[in-house]
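Number of protein chains: 2
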Amino acid sequence: MSLDNILKQSLSRWMTGDGPNNSVAISSRVRLARNLAEYPFPGRASPSQLEEVEQKVRRWWNTGGLESLGITDYISIKDIPENERLALADKHLISPKLARQGYGGVLVNKDESVSVMVNEEDHLRIQSLMSGSQLREAWNLASQVDDLFDAGFCYAWSSQTGYLTCCPTNVGTGMRASIMLHLPGLAFSGQLALVLGTISKVGVMVRGMFGEGSEAQGNVYQISNQITLGQREEDIIEALNRVTDQVICQELDARQKLAGTDNLALSDRVWRAYGILANARVITSTEAMEYVSLLRLGLDLNILEGLNPRILQELLVFAQPGYLQKIYNQVLSPRQRDVKRAELIRELVKK
Amino acid sequence: MSLDNILKQSLSRWMTGDGPNNSVAISSRVRLARNLAEYPFPGRASPSQLEEVEQKVRRWWNTGGLESLGITDYISIKDIPENERLALADKHLISPKLARQGYGGVLVNKDESVSVMVNEEDHLRIQSLMSGSQLREAWNLASQVDDLFDAGFCYAWSSQTGYLTCCPTNVGTGMRASIMLHLPGLAFSGQLALVLGTISKVGVMVRGMFGEGSEAQGNVYQISNQITLGQREEDIIEALNRVTDQVICQELDARQKLAGTDNLALSDRVWRAYGILANARVITSTEAMEYVSLLRLGLDLNILEGLNPRILQELLVFAQPGYLQKIYNQVLSPRQRDVKRAELIRELVKK
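So the protein sequences, as listed, match chains S and D. Here the first sequence is numbered in my numbering, starting from 1268 and rising by one per residue. Here the second sequence is numbered in my numbering, starting from 1268 and rising by one per residue.
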């Protein structure tokens, strides 16, 4: 298959970049942690119990339990070549943990807006992923999937606390809602630390683009709810929405000021970033993300044109180690990845 | 006039890059310091004496004293707009000192291989400039010019020491022979300090591309004779030739090794340099020279192609403050120069 086709077929719905506030908001995600009442949490379950959970979910899906969602495949992690597992994590369809642990599985629908991990930290991790700022829509979709599972299984649930989960930080709603924001304006104008520091005081977490423990790359930050217990899902979503709307406003404001005060310096940085991406022969992921962030900012501010702004989403996924191995269909050393990444980026930027 | 035409007409013979050893040797130059016996050195001469010297030289040229050289113009420094004086220095036709002092003049032939400064540090500074490593040829040409002047004027000369000059370091032959070498191979492989340190122990001086007191930019070094007294001109030229031939060999050797050991890292640096030059919107002279040095190395090693290797010579001259002001026909602040330089380089690299 040509590189072009591989990449086209690799675009998840959330990567298209056509959602609301798409100049800042990359994607919105809601995930729900759920467990089956009759089994211990995956971490304490025996191999045969884990196997039983997977079998049960699979059978239920096979008999049409998720028919309305258009889920076409149940992917068992152990059936995927090791080097391709990370590619699924790069697309945020599974967690890096599931990719690494080597067992469990995932249900994915056609446009990859829904994925359900089985036997990750919890028996079920229902996830919906959407483009731009669509936290409400993502919640609605995840909730629909949850209702379907609820009809087929008996969830571990307590009337006092709500859903029971492996990790206490998820108990209650079991929900983590998050939004990925591209914040180059705040970064370049030196306001990022202040803005992110302020919002982290109102029950919101800020992380890099691969969630917990990941570093921010390319000025992309994930903002999510901290509290899962004692609040209604709708209220959590609304609160997070208010915060992100504010951050988006501040980012747009910072960009306008940047463009106004010294457009030439910014323009120089943007064009150099383009020049490097279009010509480098070896490039690390961190460096690539730094430059593509500038490139995307340049596109948003009309400093340069003729490139699809989706380049940011594409690099967020395709330039990651796992996806590179999938695209080039081989296990790559870090150095080889840097070479192939440069090759891929030159292709992407050429268009 | 279009930029293209201005640049075409601005190419001195030495800038064409077609001389011997042109992958390393940029240009060869010989200059002879001479003074007229009946006048004090310019630094001690009265304004009317300086005027007399200029008048004398001018009249003699007008009556055909230099006919065989094709010198078409006597340029009086005070007649040139201030911002264009530096452009002559950028092309090495006059010294920065003459450009700054605002009086004196210069005779230049059609292909700019000969220039004679009048009333710089000495009454006459005869200079020949050639492409590549042509020290002998440059000496022959300078010597012919010298003979012509010798027939028309009475030089300050002593049978014991030779030609008398304003500065004692020039007494004797009054000759400074120099060659400009592009040494990126030695620079990137870390051998430059050693090589230049060694040759400076054998009576050879190493300087930046604008001679005394100038910093090396873009890995371009000027190597010249230190001694002017007590040696025959031919012997000085031969000694300098031997040293430069060695340096050229070492440079070519270093390039081959660089290309052999980690071609990818080198290729990456070369292509990024190209990407930056082709896209930057603001660029300093030092930075431009750093990248064009890499670009030229890449052309010499066939890492990239389709560009005229003369780009190095062009940037050595056209990207300098004086020449930029001439090309764009206006006085430019340092910041404006960085912008215009970037604009010019994008044009030059596009071809």
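Some clues are possibly wrong.
A pair holds if it fits inside one copy or across any two, identical chains being indistinguishable in the list.
What the hints assert, rightly or not - Pairs of lysine to any residue, SDA-like flavour, derived with a Cα cap of 25 angstroms:
no.	residue 1	residue 2
1	Lys1607	Asp1529
2	Lys1364	Gly1331
3	Lys1524	Ser1343
4	Lys1617	Asn1569
5	Lys1468	Asn1569
6	Lys1607	Glu1334
7	Lys1345	Gln1427
8	Lys1345	Gln1458
9	Lys1617	Glu1334
10	Lys1524	Glu1505
11	Lys1275	Asp1529
12	Lys1364	Leu1571
13	Lys1345	Ser1426
14	Lys1524	Arg1548
15	Lys1607	Leu1531
16	Lys1377	Gln1498
17	Lys1468	Lys1617
18	Lys1607	Thr1528
19	Lys1524	Arg1602
20	Lys1617	Leu1274
21	Lys1617	Ile1570
22	Lys1524	Glu1334
23	Lys1345	Glu1572
24	Lys1617	Leu1531
No lab work stands behind these hints: they were computed from the structure. Values in this document were obtained by computation on a predicted structure and should not be read as measured data.
Verification of the hints:
1. Lys1607 / Asp1529: between (35 angstroms within a copy, 16 angstroms between copies)
2. Lys1364 / Gly1331: Classified as neither: same-chain Cα gap 28 angstroms, cross-chain 89 angstroms, threshold 25 angstroms.
3. Lys1524 / Ser1343: Classified as neither: same-chain Cα gap 50 angstroms, cross-chain 50 angstroms, threshold 25 angstroms.
4. Lys1617 / Asn1569: Classified as both; 18 angstroms inside a copy, 22 angstroms across copies.
5. Lys1468 / Asn1569: neither (35 angstroms within a copy, 57 angstroms between copies)
6. Lys1607 / Glu1334: neither (39 angstroms within a copy, 63 angstroms between copies)
7. Lys1345 / Gln1427: neither (37 angstroms within a copy, 95 angstroms between copies)
8. Lys1345 / Gln1458: neither (45 angstroms within a copy, 53 angstroms between copies)
9. Lys1617 / Glu1334: neither (41 angstroms within a copy, 57 angstroms between copies)
10. Lys1524 / Glu1505: neither (29 angstroms within a copy, 63 angstroms between copies)
11. Lys1275 / Asp1529: neither (37 angstroms within a copy, 34 angstroms between copies)
12. Lys1364 / Leu1571: neither (39 angstroms within a copy, 43 angstroms between copies)
13. Lys1345 / Ser1426: Neither, since 36 angstroms and 96 angstroms both go past 25 angstroms.
14. Lys1524 / Arg1548: The answer is between: 19 angstroms across copies meets 25 angstroms, while 34 angstroms in one copy does not.
15. Lys1607 / Leu1531: between (32 angstroms within a copy, 12 angstroms between copies)
16. Lys1377 / Gln1498: neither (32 angstroms within a copy, 87 angstroms between copies)
17. Lys1468 / Lys1617: Neither. Shortest intra-copy (43 angstroms) and inter-copy (52 angstroms) distances fail the 25 angstroms Cα cut-off.
18. Lys1607 / Thr1528: For Lys1607 and Thr1528, the Cα distance is within 25 angstroms only across copies (20 angstroms; inside one copy 38 angstroms).
19. Lys1524 / Arg1602: between (39 angstroms within a copy, 21 angstroms between copies)
20. Lys1617 / Leu1274: within (14 angstroms within a copy, 30 angstroms between copies)
21. Lys1617 / Ile1570: both (17 angstroms within a copy, 20 angstroms between copies)
22. Lys1524 / Glu1334: neither (50 angstroms within a copy, 64 angstroms between copies)
23. Lys1345 / Glu1572: Neither: 44 angstroms inside a copy, 48 angstroms across copies.
24. Lys1617 / Leu1531: both (24 angstroms within a copy, 21 angstroms between copies)
Taken one by one, the earlier hints fail for this structure at numbers 2, 3, 5, 6, 7, 8, 9, 10, 11, 12, 13, 16, 17, 22 and 23, listed in ascending order.
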